[in-house]
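Undergrad: All chains, please: the whole structure from these sequences, using the hints.
Those sequence lines, one after another, are chains G and L. Under this note's numbering, the first residue of the first sequence carries the number 591, and numbering increases by one thereafter. Under this note's numbering, the first residue of the second sequence carries the number 627, and numbering increases by one thereafter.
Please keep in mind that the hints were generated in silico from the structure rather than gathered at the bench. No experiment lies behind these values; they were computed from the predicted model shown. Heads up, some of the hints might be wrong.
[Said to hold, decoys possible] With a Cα cut of at most 35 Å, we get these calculated DSBU-like pairs of lysine-lysine: (1) Lys784/L to Lys641/G; (2) Lys769/L to Lys641/G; (3) Lys926/G to Lys1072/G; (4) Lys649/L to Lys966/G; (5) Lys668/G to Lys778/L; (6) Lys641/G to Lys739/L; (7) Lys1072/G to Lys674/L; (8) Lys989/G to Lys659/L; (9) Lys691/G to Lys824/G; (10) Lys683/L to Lys696/L; (11) Lys696/L to Lys769/L; (12) Lys641/G to Lys649/L; (13) Lys691/G to Lys668/G; (14) Lys674/L to Lys1103/G; (15) Lys683/L to Lys641/G; (16) Lys688/L to Lys778/L; (17) Lys1072/G to Lys659/L.
[As the list claims (entries may be wrong)] So the derived list for chain G, only partly shown, Cβ under 10 Å to chain L, looks like this: (18) Gly609; (19) Ser983; (20) Leu1060; (21) Val1096.
Glycine is no exception: its CB is placed at the ideal position from the N, C-alpha and C atoms.
Here are the chains, one letter per residue:
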Amino acid sequence: MAFSISNLLVTDDLTILLGLIAGTVFLLRTFYRPQPLVHPILLGRQSEVAKVRNPGESAVYRNYGTGLMNRFPLRPHKDVQVLSDLVRSELEAPRTLWNTKITNAALQDRVASFGTGLLRLANLQSQESNVLLLLNECIEFLIADLALSSHSIPSMTLATPNLLSPVLDTHPPSAIITHAEFLPTLLELIYDAGEEGRHHTIVVVGEPSSRVMASVASKVKVLLWTDVEREGVKVPKIMSPLPKPSDVFSVSFFADSDGHVQGTQITHTNLTAGVAAIHALFPVSALLSSLDTIVSTHALGSLYGRAVAYTAIFEGTSFATTESSKLFRADEGTVKQDVTDILSAQLHSIPSGTILFLKPAHLDSLVDAILREAKKSLVLNAFAWRHKITGISEGFVSKDTLWDRLVYDAARANIIGEGAGTVRTVIVGEGLLPANLLTPARVALSCPIINTLTHPAVVGPVFALHALDLQDFSTAEENSSKTFAPVGPPTVSIEVKLLGVDDSAVESGADPKGTLVVRGPPVTKLLSNEDVESASGYVNIRTGGSATSAGSDEEDSWTNLGYKMQVLTNGAFRVVQA
Amino acid sequence: MAFDIGTPVNTALLLFILYSVQKIVFPSTSLPKEIPHEFRNGYSWLPKSHQPTVLFKTYTPKTLAPFDGKDNGRILLAINGTVFDVTAGRNFYGPNGMYGNFAGRDASRGMAKQSFDIEMLTPIDQTLDKLEDLQPDEIDNMKGWVEHFSNKYIICGKLVENDAI
Chain G
591 MAFSISNLLV
601 TDDLTILLGL
611 IAGTVFLLRT
621 FYRPQPLVHP
631 ILLGRQSEVA
641 KVRNPGESAV
651 YRNYGTGLMN
661 RFPLRPHKDV
671 QVLSDLVRSE
681 LEAPRTLWNT
691 KITNAALQDR
701 VASFGTGLLR
711 LANLQSQESN
721 VLLLLNECIE
731 FLIADLALSS
741 HSIPSMTLAT
751 PNLLSPVLDT
761 HPPSAIITHA
771 EFLPTLLELI
781 YDAGEEGRHH
791 TIVVVGEPSS
801 RVMASVASKV
811 KVLLWTDVER
821 EGVKVPKIMS
831 PLPKPSDVFS
841 VSFFADSDGH
851 VQGTQITHTN
861 LTAGVAAIHA
871 LFPVSALLSS
881 LDTIVSTHAL
891 GSLYGRAVAY
901 TAIFEGTSFA
911 TTESSKLFRA
921 DEGTVKQDVT
931 DILSAQLHSI
941 PSGTILFLKP
951 AHLDSLVDAI
961 LREAKKSLVL
971 NAFAWRHKIT
981 GISEGFVSKD
991 TLWDRLVYDA
1001 ARANIIGEGA
1011 GTVRTVIVGE
1021 GLLPANLLTP
1031 ARVALSCPII
1041 NTLTHPAVVG
1051 PVFALHALDL
1061 QDFSTAEENS
1071 SKTFAPVGPP
1081 TVSIEVKLLG
1091 VDDSAVESGA
1101 DPKGTLVVRG
1111 PPVTKLLSNE
1121 DVESASGYVN
1131 IRTGGSATSA
1141 GSDEEDSWTN
1151 LGYKMQVLTN
1161 GAFRVVQA
Chain L
627 MAFDIGTPVN
637 TALLLFILYS
647 VQKIVFPSTS
657 LPKEIPHEFR
667 NGYSWLPKSH
677 QPTVLFKTYT
687 PKTLAPFDGK
697 DNGRILLAIN
707 GTVFDVTAGR
717 NFYGPNGMYG
727 NFAGRDASRG
737 MAKQSFDIEM
747 LTPIDQTLDK
757 LEDLQPDEID
767 NMKGWVEHFS
777 NKYIICGKLV
787 ENDAI
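TA: Printed below as a string of structure tokens:
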């Protein structure tokens, strides 16, 4: 058959209709693509790299926002010099800390009364005594901490409860503050250690039973918290000279990866720099404000947990912690880190949480539960999952999409409860997140998930992903369940470098891999060997061992964190092996 | 032959619409085979290479001498034992530059005495210029130049005697 051109191009009304539909569909496909939350070109250069590197080491890396030439931010605001400045009296709105609704001014009053009462009743001397805080997460911890720091009395905290006996042996405190439930255990430890010859002063939060009070030895003085505070209210407040930011206000004891007891001294500057680092985690469009509520699963005895708590204080948010962060309990059981644990924070009278600071185990169980709940609506979930994943691979995630309304909001509400819609950011720390969990977490929670790297000797995070970074480097061939998710560039107040790097590999373009050492204001000073004696005798690894030019490292005091890391070409870091 | 929807044009348009709708309703979720190296090729991209960094090396006068820029290579010069990478200042320190004499050499005496003469340079096979006969103000001048170079160029090594390595 002979078709002429005009026969082929015959058009009729149907053509016009189809043409319009085709045009609309084309425009829809081209311009309705979701815009990435942050332009990918910005994610191509996340750290600022030094131009020169020493043999066997990598170059020095800093956050791109800080740059190589600038000084590190030491404090979240220029007026915050010491710990007590974090309680800003100009913020007048009350917020809820655990179960107490309190304004900043009232908090400062309580701090002053407790400090005065403690100085009088426990005979403590400014700068001479030290106090051991064996408190779980409660407002009394913060009150005690702030009170002691304002009178320049160092406090001591433990990261895990099994460090109690070594610490009592080597660093006997002038006073101990603990909970009523823990008092019997503590008394037992003191008697077992044969310490009852030494005077002990114990301040107890809560009401200990009369049986326990009867068992108190004569040399041990037990005071009730409420009595101490009341004593401080009656009398004029004792004013001590203001501490300097470089003064040590606390010593934290933790067990390192070999199980040895390590102690580290925290100065006011360390903590304010850590608070500044956490403050910088949030993008300018979504800063922390007093409308937020922070829920944390990190114990206050660890430096990271403390930095989170003080960030909450500084920003005026409400704050609560979960059941698993309680270190000191009368029973021996451990709390599983899962969804019920996260929900236990809501049992306090805080408004529903907006910012969650979780550990990887919590995130794992939460995401698992939400996705399983979502799978119950089979067909819709298949579509929703595809669309969400496509959005994330283009850099976009949001809670307001159609698929959230259809599938995920309901799933989240079933798992988290009424407060599911308020969660706006999740920050993962104190653990290593597997790479294949990151994208499902973003789908399930539909909010920015910031992966961080923390260490017991650093206040605040060491590395943190850009808040709006949704990149996922899994490829079709690689099995990403064995690798860890990237943790991003160093935070704004830290500089890092890697030691033990293979020079020839790096010169030919491979990713530098080595042991991590850090330096900066939030890095605390580890106590040296003579100060921390433990049964097995600990060797303090301060800098890059024997292979490299150890001389200059000693003077510049880099701290070895023990992680083995790899640098990606965009300046983000990834843990290779813990 | 009779097409169901009338004409080839209509068929083509219909096929295009079906294809696009399929792409919208069933977006592809396959992972890429390898990580893209351009941000245009994908959101989860990584640059091809790391930022260039220079390895800090120890040079002797003999190993430093080849770096005089004559074959379009790096240009290094040393002041007071510190080696600077002055490739960025090829106009000054390259073969045809005003201060080209200093390329690949120890320029300490020249910097101190503010002179670019050949006499300021010690031959490569002799020991390094100990700068003992310089006046204090000349030493200060040289230190000022070290400061200037540190800010402007990259410190990439140190200079030691020929037999020290």
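Undergrad: Each hint should be assessed against the structure and marked as holding or not.
TA: Tested hints:
| no. | hint | result |
| --- | --- | --- |
| 1 | Lys784/L to Lys641/G | 16 Å, holds |
| 2 | Lys769/L to Lys641/G | 22 Å, holds |
| 3 | Lys926/G to Lys1072/G | 23 Å, holds |
| 4 | Lys649/L to Lys966/G | 25 Å, holds |
| 5 | Lys668/G to Lys778/L | 32 Å, holds |
| 6 | Lys641/G to Lys739/L | 30 Å, holds |
| 7 | Lys1072/G to Lys674/L | 24 Å, holds |
| 8 | Lys989/G to Lys659/L | 29 Å, holds |
| 9 | Lys691/G to Lys824/G | 23 Å, holds |
| 10 | Lys683/L to Lys696/L | 21 Å, holds |
| 11 | Lys696/L to Lys769/L | 28 Å, holds |
| 12 | Lys641/G to Lys649/L | 46 Å, violated |
| 13 | Lys691/G to Lys668/G | 27 Å, holds |
| 14 | Lys674/L to Lys1103/G | 17 Å, holds |
| 15 | Lys683/L to Lys641/G | 13 Å, holds |
| 16 | Lys688/L to Lys778/L | 25 Å, holds |
| 17 | Lys1072/G to Lys659/L | 18 Å, holds |
| 18 | Gly609 | 6 Å, holds |
| 19 | Ser983 | 6 Å, holds |
| 20 | Leu1060 | 7 Å, holds |
| 21 | Val1096 | 8 Å, holds |
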